[in-house]
Amino acid sequence: MFKALVALTTPLLPEDYLSLVDPLWSTTELRGRVVGIRRETDRATTLVIRPGRAWTGHRAGQYVRIGVDIAGVRHWRTYSLSGPEGDGDITITVQALPDGLVSRHLVDATPVGSIVRLEQASGDFVLPSPVPSKLLMLTAGSGITPVMSMLRTLGAHPDVVVLHSAPTADDVIFADELRARPGTTVRHTSADGRLDLADLDTLCPDWRDREAYACGPAGLLDAAEQHWGDARPRLHLERFTPPTRSTGGEGGTVTFGDREVEVDGGASLLEAGEDAGVLLPSGCRMGICFSCILPLRDGQVRDLRTGEIRGEPGDMVQTCITGATGTARLDLRPAEETR
Amino acid sequence: MTEAQVEELGRRLDAIRDRVVADRGQRDADYIHSIIRKQRYLEVGGRALLFAGILPPAWVAGTAMLSASKILENMELGHNIMHGQWDWMRDPKIHSSTWDWDNTSPAEAWKYTHNYEHHTYTNIVGKDRDVGYGILRMSDEQEWSPYYLFNPLWNALLATFFQWGVALHDLEAERIASGEKTWASVWPQLKAIGRKVRRQFTKDYIVFPALAGPFFLPVLAGNVTANLVRNLWSHAVIFCGHFPDGAVQFSEEQLDDETRGQWYLRQMLGSANLEGGPLFHLMTGNLSFQIEHHLFPDLPSNRYAEIAPEIRAICAEYGLEYTSGPLRKQYAQVLRTINRLALPPEKDTTPDPTTALTPTGSETPDTLAA
Numbered sequence: 007m008f009k010a011l012v013a014l015t016t017p018l019l020p021e022d023y024l025s026l027v028d029p030l031w032s033t034t035e036l037r038g039r040v041v042g043i044r045r046e047t048d049r050a051t052t053l054v055i056r057p058g059r060a061w062t063g064h065r066a067g068q069y070v071r072i073g074v075d076i077a078g079v080r081h082w083r084t085y086s087l088s089g090p091e092g093d094g095d096i097t098i099t100v101q102a103l104p105d106g107l108v109s110r111h112l113v114d115a116t117p118v119g120s121i122v123r124l125e126q127a128s129g130d131f132v133l134p135s136p137v138p139s140k141l142l143m144l145t146a147g148s149g150i151t152p153v154m155s156m157l158r159t160l161g162a163h164p165d166v167v168v169l170h171s172a173p174t175a176d177d178v179i180f181a182d183e184l185r186a187r188p189g190t191t192v193r194h195t196s197a198d199g200r201l202d203l204a205d206l207d208t209l210c211p212d213w214r215d216r217e218a219y220a221c222g223p224a225g226l227l228d229a230a231e232q233h234w235g236d237a238r239p240r241l242h243l244e245r246f247t248p249p250t251r252s253t254g255g256e257g258g259t260v261t262f263g264d265r266e267v268e269v270d271g272g273a274s275l276l277e278a279g280e281d282a283g284v285l286l287p288s289g290c291r292m293g294i295c296f297s298c299i300l301p302l303r304d305g306q307v308r309d310l311r312t313g314e315i316r317g318e319p320g321d322m323v324q325t326c327i328t329g330a331t332g333t334a335r336l337d338l339r340p341a342e343e344t345r
Numbered sequence: 021m022t023e024a025q026v027e028e029l030g031r032r033l034d035a036i037r038d039r040v041v042a043d044r045g046q047r048d049a050d051y052i053h054s055i056i057r058k059q060r061y062l063e064v065g066g067r068a069l070l071f072a073g074i075l076p077p078a079w080v081a082g083t084a085m086l087s088a089s090k091i092l093e094n095m096e097l098g099h100n101i102m103h104g105q106w107d108w109m110r111d112p113k114i115h116s117s118t119w120d121w122d123n124t125s126p127a128e129a130w131k132y133t134h135n136y137e138h139h140t141y142t143n144i145v146g147k148d149r150d151v152g153y154g155i156l157r158m159s160d161e162q163e164w165s166p167y168y169l170f171n172p173l174w175n176a177l178l179a180t181f182f183q184w185g186v187a188l189h190d191l192e193a194e195r196i197a198s199g200e201k202t203w204a205s206v207w208p209q210l211k212a213i214g215r216k217v218r219r220q221f222t223k224d225y226i227v228f229p230a231l232a233g234p235f236f237l238p239v240l241a242g243n244v245t246a247n248l249v250r251n252l253w254s255h256a257v258i259f260c261g262h263f264p265d266g267a268v269q270f271s272e273e274q275l276d277d278e279t280r281g282q283w284y285l286r287q288m289l290g291s292a293n294l295e296g297g298p299l300f301h302l303m304t305g306n307l308s309f310q311i312e313h314h315l316f317p318d319l320p321s322n323r324y325a326e327i328a329p330e331i332r333a334i335c336a337e338y339g340l341e342y343t344s345g346p347l348r349k350q351y352a353q354v355l356r357t358i359n360r361l362a363l364p365p366e367k368d369t370t371p372d373p374t375t376a377l378t379p380t381g382s383e384t385p386d387t388l389a390a
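In the order they appear, the protein sequences are chains A and B. For the first sequence, counting from 1, position 191 maps to 197 in the numbering used here; every step adds exactly one. For the second sequence, counting from 1, position 223 maps to 243 in the numbering used here; every step adds exactly one.
These are calculated hints, taken from the structure and not from any lab test. Glycine is no exception: its CB is placed at the ideal position from the N, C-alpha and C atoms. Check the hints yourself; a few may be wrong.
Some, not all, of what chain B presents toward chain A, calculated at C-beta under 7 Å [said to hold, decoys possible]:
no., residue
1, R110
2, S116
3, V227
4, E273
5, E330
Please model the entire structure based on the sequences and the hints provided.
Here it is as structure tokens:
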């Protein structure tokens, strides 16, 4: 049946026409529609998203990559899913960062009805099965979001201790829900100061016996890792690792597939790669024919014509007019194989 | 022009390019999305109407819509998207590396012969295989043989079967004949063309007509006509982009140590624009702005009309020819050239005015002096 339809729509797919009716009918590009918006704090907003049919669900604590078009350009970011397992709709809770292009777009400029691109949920910051009898959640700031998914999935689990920190009462995301949960301590760090993990002995005396889940700023997670010491196997961390950014300079180390190449300031990635013996697709060598493009996996690159530094994971890079600016990783897959 | 002037010209054109690149945004994204939507509605509408094609008005309207859809798909969408004009949007559905078109020429092969060979070596006889498409004599530099007595006939056939001509063009038959290209390397290309041809042929000439049951013939005739209209139209537009009077051809020596400014100059002098209204420009895929397209092949097509006055003014300033004219006039000149070049070169006559500007051969004209 599908094959017969493809014969009618070639070189396009049936969904390219069906998408004119409903963008969620795509089977090759997972999309979602924003069906609800909940203001959580001044800066944080929960988006309720109905994913397309291909969505395979998520486990509590996992994250999802979301692609949004801003000024015509697609940007991808990763957000924890804050809703319980098993719901048809998914939720992400986004805290707008002052210069966060995507977070501000999602919080301020994404009305109900907007279409976003999605990838399947991933991440191994999840509850084991069966669920341990005693749990400790150690969170700060927006680190509460994956844990909230766990709490909502657990429902009235008898023994969960939640220690959450946020600057002020107004900054606490899911404040009402947390207040209603027994065993929850919320600390306001601007008044009470940062949580000292030595206080764990009074706040949660049996913390060593609990399966612990921690999510928040790197400082908190590093401190927790140290503090747990011998009990470290019971501590599960979720680190929001920032993507590699450019160091701003000219030249750097570029990885083509599994080959690392040092690239000079003036050299194009194509020349440098070829000089190092990497077989790269090429064409006009002046930026016009797009034969040499490779997908960027990591890092950023510099346009040799304009000096502009750019790049996000998934960008296609014209290697003949692009130089290195710090470290970057490119896939060696030639363009035709990405179809 | 002095060397310094040529380089200054290059810098000014780079500045125009940078300005447009920095300004790309929502307006452009909305534009390409709207053209994609329009093309798909035209295609669905045209095919639906053709099912009622037993009624002459429905047949005419359906065929017209399908023709328009195929022209848009070929030129404003396929040609421009595969040039990477919309890659900046980072939408994998509208990207040069993933787009495939409603055409018998496979995307990858076309990107090589067109984006790379034609756009890098524009109008260099012997390097740009679009000069004559390996079939025609389109330049005085091509040696005459009795085969070219049929130049007008070959051209008529090429125009009629243009998409097939482009597909076979990608095979570079003359390079196989000369031994430059091995049969082993041709085989995968042939297979790719075969796959593409099978799908295209099945869709237009078997499945859609068959779906119409008793109205098989009107649907088949409509599809044949739509493909023919698209072939004739794209052939006309493309030939008018490089072969009217005033468009210059070059020799391989001019490639030696060519600077960015000289490259720009070659693109300008080698291309020709067509004049018309907004709908005309859209239906040519904005290749009516062939000069702007050749200067900046990867800028979004909707921007060519905006920068054209500036390019024309720059040409005037430097005293460079900005070849431009209405389609009928340019096409007449193209046909005249095709007819003239069918005949062997006359030895001792004054040069034809159309070739006076052609800086091929050993002498380097002032305009290209480096």
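Consistency of the hints with the structure:
1. R110: Holds: closest Cβ of chain A sits about 4 Å from R110 (chain B), inside 7 Å.
2. S116: Nearest chain A Cβ about 5 Å off; hint holds.
3. V227: Holds, about 5 Å.
4. E273: 19 Å, violated
5. E330: 19 Å, violated
In the structure shown, a violation is registered for the earlier hints numbered 4, 5, in ascending order.
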